[in-house]
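Chains as they are written, first to last, in our numbering: chain A, 466 to 733; chain B, 70 to 430.
In case anyone wonders, no lab produced these hints; they're calculated from the structure. A couple of the hints might just be wrong.
Residues of chain A clear of chain B, computed beta-carbon distances all greater than 10 Å [claimed, not checked]:
1) Ile470
2) Gly523
3) Cys541
4) Ala546
5) Glu632
6) Thr633
7) Arg640
8) Ile641
Stretch-level coverage of chain B by chain A, calculated; a stretch enters the list once three of its residues show a Cβ under 8 Å from a Cβ in chain A [as the list claims (entries may be wrong)]:
9) 133–140
10) 304–317
Virtual Cβ for every residue (Gly too), placed ideally from N, Cα, C.
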Amino acid sequence: MSKRILTTFMIVFTLFLYAPTLLLPIFAFNDSSIIAFPLSGFTFEWFYSLTEADELRGAALNSLIIAAASSVLATCLALLATSATVRYKFPGKGLMIGVIMVPMFLPEIIIGVSLLTVVLLAGLKLSIYTIIMGHTLICTPFAIAILRSSFQQLDPSLEEASLDLGETRFDTFRRITLPLIMPGVTSSLLIAFTISLDEFVIAFFLSGTEPTLPVYIWSQLRFPQRIPSVMALGTLLLLLSIGLLTLSEVLRRRSVRRLGQHDTSGAW
Amino acid sequence: MIELSNIEKHYGSYHALRDVTCHIKEGEFFSLLGPSGSGKTTLLRTIAGFEGIDSGSVVIGGQSMAGVPPNKRPTNMVFQSYAIFPHMSVAQNVAYGLRAQRLGKTRTTEMVTEALGKVGLAGYGERAAHALSGGQRQRVALARALILKPKVLLLDEPLSALDRKLREEMQSELRHLQRSLGITFVLVTHDQEEALTMSDRVAVMFEGEIAQLDTPQALYKRPASKRVAEFFGAMNILKAEILGLKGGIVTTRIEGLGVAEIPLGPEADTHGGNKYCAGVRPELMTVLDDGESAYPKENPAIVTDVEYRGELTYYDVKFDGSDTPVVVSMRNTTNREIKEVGQKVRIGWENASAVLLLEQT
Ligand SMILES: Nc1ncnc2c1ncn2[C@@H]1O[C@H](COP(=O)(O)OP(=O)(O)O)[C@@H](O)[C@H]1O
Ligand SMILES: [Mg+2]
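Put together the whole structure using the sequences plus the hints.
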């Protein structure tokens with residue numbers, strides 16, 4: 466009895482989570498500019514229309530640049546922070562980790578408004594660079610969470626053995642530490658990239674005249690006749706995100722197998 | 070080769086090394102023996118350069134190691150976990166430390182092949198490191214360290230993860246390797262048998278302190294304290310009262326045995342209020358047959374238990390006038406009868422059977 470309730474609950478819950486997402490591809494291929502059932506026919510028109518929008522291409526390029534830059538920055542910062550915090554004890558360590566992790570839990574709107582204030586006070590111009598700053602800030606905690614577990618799974622005696630065999634600290638990092646935490650680094654890059662790619666609030670506050678894709682999409686929603694194109698664009702973004710997350714998981718599993726380790730971590 | 074002087078080390082408030090002083094000679098097989106937590110690994114890591122010390126000095130090959138990082142020290146280490154690099158092949162692992170020497174590909178391959186041959190892993194070069202068994206990983210760790218021709222090889226319980234048969238095999242292999250290479254080996258172990266069979270000299274450690282440092286024979290025959298004595302094999306501990314000291318001979322009254330004249334060991338120090346007891350090894354006493362009188366001293370006793378083990382028989386006996394059970398082991402020969410429980414017997418012994426042991430405060 467309770468099993469049936471649970472099963473029903475699971476189905477409803479899953480539908481609730483994913484059904485809205487499925488509407489995107491459905492209407493992206495629907496041969497009508499009105500978003501309503503019944504569907505009227507199949508078309509690639511909306512996808513073709515994407516190739517003609519210059520503004521869209523600009524926004525897509527901005528998004529890619531921002532996602533690439535902030536994922537690399539966030540991952541580098543996280544590498545520095547975790548290699549210090551996992552291996553060494555120092556006063557104020559707990560506080561430092563706490564401060565770095567806070568953006569994970571702060572509402573993005575708060576981060577957006579505060580960053581906007583800072584940028585304006587500093588007299589900077591709003592541009593993709595300010596968005597990169599904001600996105601690096603929100604991606605770093607995720608990167609740290611991922612890299613922390615990589616570092617914790619790394620046997621410290623491997624690094625000691627390398628030192629013992631005559632390598633410097635830098636070469637030890639290059640030859641031992643980095644290759645062994647590479648799966649974590651890749652995960653971190655891909656996940657930070659995904660987060661940045663579809664982040665809206667901070668990008669909206671900090672974008673000025675250079676919109677990212679989500680900001681562009683939002684601006685298009687004011688024009689009903691463009692909604693099917695947005696659906697097509699959304700479908701592409703959805704596929705890209707799923708692709709990136711799958712890639713990160715596949716890479717992680719492959720390296721776990723390659724190193725003959727036990728798979729102890731979860732989905733990340 | 071290695072001179073450790075007055076080394077003190079704390080982990081927070083925990084006193085991990087207490088005034089450790091010892092000199093390890095060039096080319097010797099030296100062991101650090103002690104129960105788990107006694108500071109053996111800490112001392113080994115101090116020599117390797119992984120642990121800072123509060124005070125004292127480490128000198129290797131005549132050079133002070135103060136401020137010298139592990140990668141600049143003439144030592145190499147075989148870690149307890151072996152620390153084989155999992156993302157590299159066996160050959161890459163073994164060649165790891167050669168990079169700085171810029172030997173070129175052919176010379177490197179030659180040296181790796183030679184090193185793998187030495188540890189009995191010829192032909193394993195292309196194997197992935199994670200596909201090796203425990204014994205093989207250990208051999209890779211050895212080859213990886215030895216290829217650099219260190220002055221000192223440090224080994225942290227290298228055999229404790231292996232099963233018994235493999236462990237005994239590796240014990241003699243390590244010993245042969247050390248003899249043929251002439252490198253100073255410093256081995257950490259908690260297994261007294263391992264330390265006795267492999268080492269030239271052994272430092273026995275308790276609670277961060279070296280309790281005694283000597284050859285295996287001397288440690289077994291003349292342990293300085295009760296703790297050390299009990300760590301090596303079986304030792305009967307009996308109450309003792311010191312009656313007098315003359316010319317290096319201590320006259321002692323031993324519970325159940327009576328008065329004995331025991332030569333004073335080099336470490337013993339009879340003044341200064343130390344408490345002493347006497348120790349007698351089971352194999353240094355004899356359960357006498359009727360009419361037998363090969364020993365200068367005999368004491369009556371009663372057999373309370375007999376344990377027949379083929380080659381040896383272990384008797385539990387109680388001396389007249391003493392309640393302490395004493396174990397006597399006898400080699401079984403064709404004409405010696407096995408005694409029975411409850412039988413009255415005479416136990417034969419001599420002055421040299423007994424040692425004076427310092428009791429820990
Ligand atoms: N990094 C450390 N921090 C705090 N205490 C330590 C550390 N390393 C070792 N100890 C403590 O020091 C003592 C000696 O440890 P160790 O040298 O590993 O002993 P052994 O190798 O003889 O078993 C132990 O009680 C251990 O808990
Ligand atoms: Mg240890």
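Exercise. Would the least Cβ to Cβ distance between Ile470/A and chain B come out above 10 Å?
Worked result: Non-interface label stands for Ile470/A: nearest chain B Cβ at 46 Å, farther than 10 Å.
For this session: Compute the least Cβ-Cβ separation between Ile641/A and chain B, then decide whether it is above 10 Å.
Result: Violated, because the least Cβ-Cβ distance between Ile641/A and chain B comes to about 6 Å, which does not exceed 10 Å.
Exercise. Does the no-contact call for Thr633/A survive, Cβ to all of chain B over 10 Å?
Worked result: violated, 6 Å
For this session: Confirm or reject the statement that Arg640/A sits farther than 10 Å, beta carbon to beta carbon, from all of chain B.
Result: violated, 8 Å
For this session: Over 10 Å to the closest beta carbon of chain B is the bar; see if Ala546/A clears it.
Result: Holds, because the least Cβ-Cβ distance between Ala546/A and chain B comes to about 24 Å, which exceeds 10 Å.
For this session: Would you check chain A against the segment 133–140 of chain B, counting CB to CB pairs closer than 8 Å, and say if three or more residues qualify?
Result: holds (count 3)
Exercise. Once the closest CB in chain B is found, is it more than 10 Å from Cys541/A?
Worked result: Non-interface label stands for Cys541/A: nearest chain B Cβ at 22 Å, farther than 10 Å.
Exercise. The segment 304–317 of chain B covered by chain A? Criterion: 3 or more residues, Cβ-Cβ distance below 8 Å.
Worked result: violated (count 0)
Exercise. Looking at Glu632/A again, its CB stays over 10 Å from all of chain B?
Worked result: Violated, because the least Cβ-Cβ distance between Glu632/A and chain B comes to about 6 Å, which does not exceed 10 Å.
Exercise. Taking 10 Å as the cut and beta carbons as the points, is Gly523/A off the interface with chain B?
Worked result: Since the minimum Cβ distance to chain B is about 42 Å, Gly523/A lies beyond 10 Å and the statement holds.
Of the numbered hints stated above, those contradicted by the structure are hints 5, 6, 7, 8 and 10, listed in ascending order.
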